[in-house]
Structure formats: structure tokens, C-alpha cells
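Student: Next come the chains, spelled out residue by residue.
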Amino acid sequence: MHSDTFYNRNKAYILTVLGLALLTFVFVEFMMIIEWKYFFEYQLHMILTGNLDGVLTPPNSNYEAMVNQAFGPNYTSIAPEIIRASNERQEFIWWVFVAEIAIFCYMYLVNGRQSAEITRPQDQVQVFTLFHRVVIWLNIIVISVLIFTGFNITWGMRSGGGDLVFLLRGMHEMTGIIWLPIWLMMSIIAFKDAKLLFNNSLIKKIILPGKHKPMKRVIYIVFLLMGAGLLISGITIWFIHPDAYTNAQYIQFKRLLLYVHFGTSVLIMFFLMDFIYSVMIAVKGNLKGLVTGKYPREHLEQLAPDVLEDIEDKR
Amino acid sequence: MSKPEYARMKFYCDDNLCIDCNGCVVACKEAHEVPVGINRRKVVTINEGVVGKEMSISMACMHCTDAPCQQVCPVDCFYIRADGIVLHDKDKCIGCGYCLFACPFGAPQFPQDGAFGTKGKMDKCTMCAGGPEETNSHEEFEKYGQNRISEGKVPMCASMCSTKALLVGDANEVASIKTYRSVAQGKGIATESYGW
Numbered sequence: 022m023h024s025d026t027f028y029n030r031n032k033a034y035i036l037t038v039l040g041l042a043l044l045t046f047v048f049v050e051f052m053m054i055i056e057w058k059y060f061f062e063y064q065l066h067m068i069l070t071g072n073l074d075g076v077l078t079p080p081n082s083n084y085e086a087m088v089n090q091a092f093g094p095n096y097t098s099i100a101p102e103i104i105r106a107s108n109e110r111q112e113f114i115w116w117v118f119v120a121e122i123a124i125f126c127y128m129y130l131v132n133g134r135q136s137a138e139i140t141r142p143q144d145q146v147q148v149f150t151l152f153h154r155v156v157i158w159l160n161i162i163v164i165s166v167l168i169f170t171g172f173n174i175t176w177g178m179r180s181g182g183g184d185l186v187f188l189l190r191g192m193h194e195m196t197g198i199i200w201l202p203i204w205l206m207m208s209i210i211a212f213k214d215a216k217l218l219f220n221n222s223l224i225k226k227i228i229l230p231g232k233h234k235p236m237k238r239v240i241y242i243v244f245l246l247m248g249a250g251l252l253i254s255g256i257t258i259w260f261i262h263p264d265a266y267t268n269a270q271y272i273q274f275k276r277l278l279l280y281v282h283f284g285t286s287v288l289i290m291f292f293l294m295d296f297i298y299s300v301m302i303a304v305k306g307n308l309k310g311l312v313t314g315k316y317p318r319e320h321l322e323q324l325a326p327d328v329l330e331d332i333e334d335k336r
Numbered sequence: 145m146s147k148p149e150y151a152r153m154k155f156y157c158d159d160n161l162c163i164d165c166n167g168c169v170v171a172c173k174e175a176h177e178v179p180v181g182i183n184r185r186k187v188v189t190i191n192e193g194v195v196g197k198e199m200s201i202s203m204a205c206m207h208c209t210d211a212p213c214q215q216v217c218p219v220d221c222f223y224i225r226a227d228g229i230v231l232h233d234k235d236k237c238i239g240c241g242y243c244l245f246a247c248p249f250g251a252p253q254f255p256q257d258g259a260f261g262t263k264g265k266m267d268k269c270t271m272c273a274g275g276p277e278e279t280n281s282h283e284e285f286e287k288y289g290q291n292r293i294s295e296g297k298v299p300m301c302a303s304m305c306s307t308k309a310l311l312v313g314d315a316n317e318v319a320s321i322k323t324y325r326s327v328a329q330g331k332g333i334a335t336e337s338y339g340w
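For the record, the sequence lines run as chains A and B. So for the first sequence, the numbering used here puts the first residue at 22; every next one is plus one. So for the second sequence, the numbering used here puts the first residue at 145; every next one is plus one.
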């Protein structure tokens, strides 16, 4: 019997928040060596004063003034964490993916694969327009390239470096810039909740059909926020190119941005893998529909009635 | 049992003597044909124009014993010679910039010569000790500049320093010179003991 309690209605959000809170607590309490007070004060200082150099208080001595001007301040606040993170990403990040794939294998074994019974394969419904499919597939291709070229840097020790790895690293920067408009388009077309907010024909035409289920809504929010974090940090790191004389003014800001880039990449990867599993593996027939844009009516009736309802409404 | 007598090569810039002439910067760029926009060495001045308080220091890679750049490099392109000079292999370097994030001195330099201004391979002070290529070969000069250490010469920056503010050599020797300058008042170059 289905009970309509607050917990059941909001299970996806509650579990996500609790999971992320637990993960954050473990990381902050046991695994990170960042100086949190400086980390937050620096960001506040940047917002309030627009000053990026990381010098929060005027120097008390010539020595401190020289350090601020020659090397940048508070080296010990963020840099050691960057060094540690760079090393440990190479050593331990494999296990995050192993654990995640193990969870999906378990879910597959327990829940199996959803599939619709199709008796009228000719009765197809157009779900994705050409524009939708172009945006979705460009997004898939660009993110795949970004993941591949990003891990090409992270796991450089395995490849040993060299010109090919160097070229792929440059490609990561270029692909990141290309992703900006594609991420924006994807964020717009996947904003299914816009239909709750605005009721006009343009929204109905641009936004993907159907309603967000709670877990998909969580994935969408993570994609939106973490994608923004990745793009802002990545493009700014690429754009700010201090020389020997301006290094001290920007290096702390670049360290902060690199930290944001590492953190957001880990989170977006987790939820993207979750999305790939739930869309491509957990449900049979979704991949073909993403290519052709059409799904058998029975598939939608059985597995995505909200999508069918939305399309029928439009007519 | 006698202790091994390894040299540990270090730079030291005496801020009491540095006059911000930038001779070391020019000498380095000229000797190694360092491209425009890249400075393996820089001179930083504080309290500029304030009489009695102006202070300058010449900065480059400090060839750390426990170098953070080496720790953080994802392709392990850094290596530390037996005499403590930190060098890197440009054939391995992928220009990711992690060394720049980790370096406390801002020593790694990246040319902006790729498509759309992407970073090139890292360049930094080699203490005039070249790189992994064959010593004094054309390839070594093209990638890393002169290898003066192999010829028994002092690095270019220190050899050109007009006030002898910039010292380089075995850490013990450099410390001895600085100590002598502090205590031998009236004889040769005399500067205050260390401490700002």
C-alpha cells in the first residue's frame, strides 16, 4: 500500500541532502587540510572589496609586505590542499568510480531493467525535436570530451605526459569554452519546471516534454549549479594568465578557482553517472529514442505517461 | 663515520644590497634567450620611493629541497639533481599549470603561445644547469638555455649582480658569506644580519 507521507513525497531530496551533508562532514572533518576560516573570509573579502590578491589585513612588517608582493599571501591556507588533492586524485579517485559502478550493478541486479511491452511498433510519437536532439547530443559529446581530456590531466602519471597529452590538455580548455553555450542551451531545454511557472507557447516549444521526477530534478539542479561552477572556474583559470610580476596578485584567486573546479567536477560526475544509468541502462529503448526523437506510444504510456500527456496537451 | 659532503645549491638575495637594477633579470633573459612575456627571474620592490624603507629582492625558482612543484606534477616531469637543483623535462610537461598553483614563489612560467592563448610548456629557472638533454647540446639550449654549471661557471644572474646582492652556491657557503658580511664590520661588504 502506498503511503503519501512527507518523507515519501520528498524522499529523493531528503536522501540527497542527507547524503551530501554526510559526505561534506566526512570530507571537512577528516580529509581536508584547507584553512576554512581563511577560505570563507577570502571569498567575502573579494565580494565586498573586489580585491583578488588574498591580502585580508594590511601587512604588519616589511617581511609580510614582501611576502604579499613577491609570492602572494597565506600560502599555507589553500595551496597544501591543492597539492594533496592533486596527488590523491591520481591515487584514489579510481575507487570512487569502482564504488559507483558497483552500486549501479547492485541496483541492476535487484531492480532489473524496465521495458515496455510494444505491440504496435509503428505507432510512434515525436518526443524530441531536431533542435532538442542536437543540443542533447552536442552536450553528451562535449561532456565526454571534457571528461576524457580532464582525466588525461588527472591521470597523467599513467600516460607519462608528452606531446599528445599536452595537446589533449589544450583541448580541455578549448572544449570547456565550447561547452558554455551548449550547457546554457541544455539548462534551458531541461528546465521542465518552467512549465509550472510560465504558461506560453514558446516555453512549451523549447522545453523538453514531461515533468521532472524528484531524482531527475535533483540531477538537473546539480547539472545547472555544478556546470556553472565548472564553467566559471575553468574559464576564469584559463583567462587569467598572470606573468612573473602579477603572479602575487592573482595566484590565491587561481588556487581558489582550481579548488572549486576540483569540487564541482567530482559532484557533477557523480550525478551524471547516475543520470546515464537511469536513462540509458535502467530503461530499455531510451537510447534509440534519443537518436530518432520518436518513441512507441506504448513505451510512453507505460514508462513516461507525463511526457505523453504533455505532448497531447500541446496538440 | 664521516658525513657525505653533498652540495645543496641555493640562491640568496641580500635585500640590503639589491638596488632594483634588474641586471639579473636582463642577464638571465639574454643568456638563455627567454621569450618575451616569460621571466625566469624578477625583482620585487616594496615601499618604493620611501627613503630608508625601500627594499628589493631578486626572485626566481628557489630550488626547494622538498619541492611542491615536483609533488604536484601529474606527469612527474620534475627531477632533483644530487646537488639540489630542481629541473624539469619539457618533453614530458603538459602545461597543466599545477606547479604554478603549488609553487610558493610563483616561479613556473607559461608562454601563452597556443591556439586561443592556451598555455605552452612550463619554463623556469634552471640555475643555469640546463635540462635532461645532452649537456651543452643545441637541443638543451633551445629548451632550457645555457648550462653554465656544467662548465663550472656561476649562474648568469649572480655573476652579473653589480652589488653582489645575489649569491648562489652550496647553501653552507652562501650562509658563510652572509654571516661574514654581518659580523666583519668595516671589512669588505658589510650588511645587517638577516631579519626584516
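One or more hints might be untrue.
Just a few of them, taken from the derived set where beta-carbon distance is under 7 Å, the chain B residues facing chain A [as the list claims (entries may be wrong)]:
no. : residue
1   : V188
2   : C208
3   : Q215
4   : K236
5   : P255
6   : V318
7   : A319
Honestly, the hints are just simulated from the structure, not real lab data. Source: prediction; values computed, not measured. Note that CB positions come from ideal geometry on N, CA and C, so glycine has one too.
Student: For each hint, tell me whether it holds in the structure or not.
Tutor: Here is how each hint holds up against the structure:
For B/V188, the interface hint holds, since its Cβ comes within 7 Å of a Cβ in chain A; the closest pair sits about 4 Å apart. For B/C208, the suggested interface contact is broken, since its CB lies about 12 Å from the closest CB of chain A, more than 7 Å. A hinted interface residue such as B/Q215 counts as satisfied when its beta carbon comes closer than 7 Å to some beta carbon of chain A; here the least separation is about 6 Å, so the hint holds. Taking 7 Å as the C-beta contact cut-off toward chain A, the hint placing B/K236 at the interface holds, the least distance being around 4 Å.
With 7 Å as the threshold, the beta carbon of B/P255 stays out of range of chain A, its nearest partner Cβ sitting at about 10 Å, so the hint is violated. For B/V318, the suggested interface contact is broken, since its CB lies about 19 Å from the closest CB of chain A, more than 7 Å. Residue-level restraint check for B/A319 is violated (minimum Cβ-Cβ distance to chain A is 19 Å; threshold 7 Å).
Violated hints, in rising order: 2, 5, 6, 7; the structure is consistent with all others.
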